[in-house]
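S.K.: The residues making up each chain are set out below.
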Amino acid sequence: MTRDLWRRAVSHTIIVLCGVSVIVALIPLALILFYVLAQGLTSLNLSFFTEMPRPVGEAGGGMANSIAGSILVTLLGALFAIPIGIMSGVYAAEYAGTRLSNATRFAADTLNGVPSIVIGVFVYTVAVLPFRRFSALAGGLALGVMMIPLIMRTTEELLKLVPSTLREGALALGATRARAVFTVVVPAALPGILTGILLALARIAGETAPLLFTAFNNRFFTTDVRQPVSTLTVQVFTYAIAPYEDWHRQAWAGALVLVAMVLICSLLARVATARMEKLHRGS
Amino acid sequence: MFSRSRNVRPDEIMFRAGTGAFAILLIAIVVAIGFGLTKESRFSIVHFGWSFWRTDIWDPVAGEFGARPFIWGTLYSSLLALVISTPIALGIAIFISELAPARMKRPLVFLTELLAAIPSIVYGLWGIFVLVPAVRQLQLITPEWLKSVPLFTGPPLGIGMLSAALILAIMVIPFSSSVAREVLKAVPQSQREGAYALGATRWEAIRMALFYARTGIVGAIMLGFGRALGETMAVTMVIGNNPQISLSLYAPQYTMAAVLANEFAEATDDLYLHALVEIGLVLFIVTLIINGISRMFIWSMGRQKRPRPAPAAAPARSAA
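Residue numbers (the numbering used here), protein chains in the order written: chain A, 1179 to 1461; chain B, 4 to 323.
If you're looking for bench data, these hints aren't it; they were derived computationally from the structure.
There are no misleading hints in this set.
Covered stretches of chain B (in silico footprint by chain A; criterion: 3 or more residues with CB under 8 Å from a CB of chain A, positions within the stretch not fixed): (1) 28 to 40; (2) 107 to 114; (3) 120 to 128; (4) 199 to 207; (5) 235 to 241; (6) 279 to 291.
Mimicking DSSO-like on lysine-lysine, the simulated pairs with C-alpha atoms at most 27 Å apart in a straight line are: (7) B:LYS108 - A:LYS1338; (8) A:LYS1456 - B:LYS108; (9) B:LYS188 - A:LYS1338; (10) B:LYS188 - A:LYS1456; (11) B:LYS188 - B:LYS108; (12) A:LYS1456 - A:LYS1338.
Using N, Cα and C, we set each Cβ at its ideal position, and we do this for glycine too.
Using the sequences and the accompanying hints, generate a full structural model.
M.R.: Structure (structure tokens):
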């Protein structure tokens, strides 16, 4: 009898511990969100978005150039990654089981596991070193390399979810394979693919490490892709490790913008996914 | 299969070649990373050979480069992070997949995935201004008798190995727990029912499921390890960036990723640059191996679907 009691006690204890571990993990999340909100909101104002950084000692100023730079670099990355990601995803889904399809999937998973700083080093060797110049283009390339596997895997998985009857119907009507894929199958999966791209963009826009020595930094506003460019994340890093109070405030404001962006994208994606799920259940 | 038919139509060939070219491009990028890193680290590889990894002195001015402190810092911080994060990640996975009521599951999954979605730089900023002062307070109240233990020697700086390990643990939890959760989901319900039928308590049934899923769980933990090894910004900001080998949790140390982040843009001469690229190359190879093994473990669970290394990146899975 005592053995039974003991077993039940152990069971209850461990169940409670599992619940506790959830709370333990959510405490840092709550703390981070709290500090970013509390510190960020007091530092964030309109001039953060519209003004240029001021020199040390002068209060105020903003990160207009960094925000523009982040958008520029992220878009360059997307421009590079979306075609490669979607097309290789189409191949992997359409020719699933072939050796190249498996190899592509393996390569994408590998690329996804490569530390972002290593991708930065690689892009430095191919896009900075030969030209002896940091550039927005190199930064975009680094972010693009990080985005490709995300988009490829999303595309592949969503294409596989499209009912095969749709594809077969198109083929039965005499459509070529390309036609069936690009006018029937891909459009059916498009909302999901776009959601995936949105999330990939949000994740990539928050990257710092691959930009440190590709896009580098720039005190001025530029849209020239051959010039080094300031980005929000690198600027937050620069400000955070500097010894000036005022810069720390700017860094918190930058962090708030980053977190808000990630939160909004995640929520949007969640809503979109829920709606798609309803659609699937309806059909 | 259409692709296997004997007389393939030309448009089929074009489609296959067109999309296949992009697939090959993706593979080529991965190969190019390995090749490019090797090529740009050749001076260092030739000049130092294996002694690069056995030397403790890192002096760019004198042209002396030894990477052992960075290897140590990377491995030590990642292992500590695993020790902290593994029980918590498993607890979360068990709670969400086995214990939580159905309507609690989705919000909990969302919240843990949010932890993965927060940019590294934000973790770093929070680390510098909130975590490090807290750790310093903790170090200040270290009891005297504990200070002679090698783990707790040194001045209470706040910045150092303990802060780095803590922040890494927080960042790794969502990755391990989401994979562990999916692995647990793949355990057949009959396993648990069998345990219950034999009179098992709830925990004993869960233990059966954990045992059934053991390879996948090990894979999940290793995936987290791979993440921790390559994590850069947050670690760089709190670890102290001091190339020394120390067991002490209070000592400021350095990691491979952090030295790249700090020194790469300033590397002026070729040997310095190549030494840094070599560190990147080794980081690349090590994460490649760790991720490869962890994927093998997770696959061997017989799951049809792959692990989701980036939980926040594609929640579309749940639409299935």
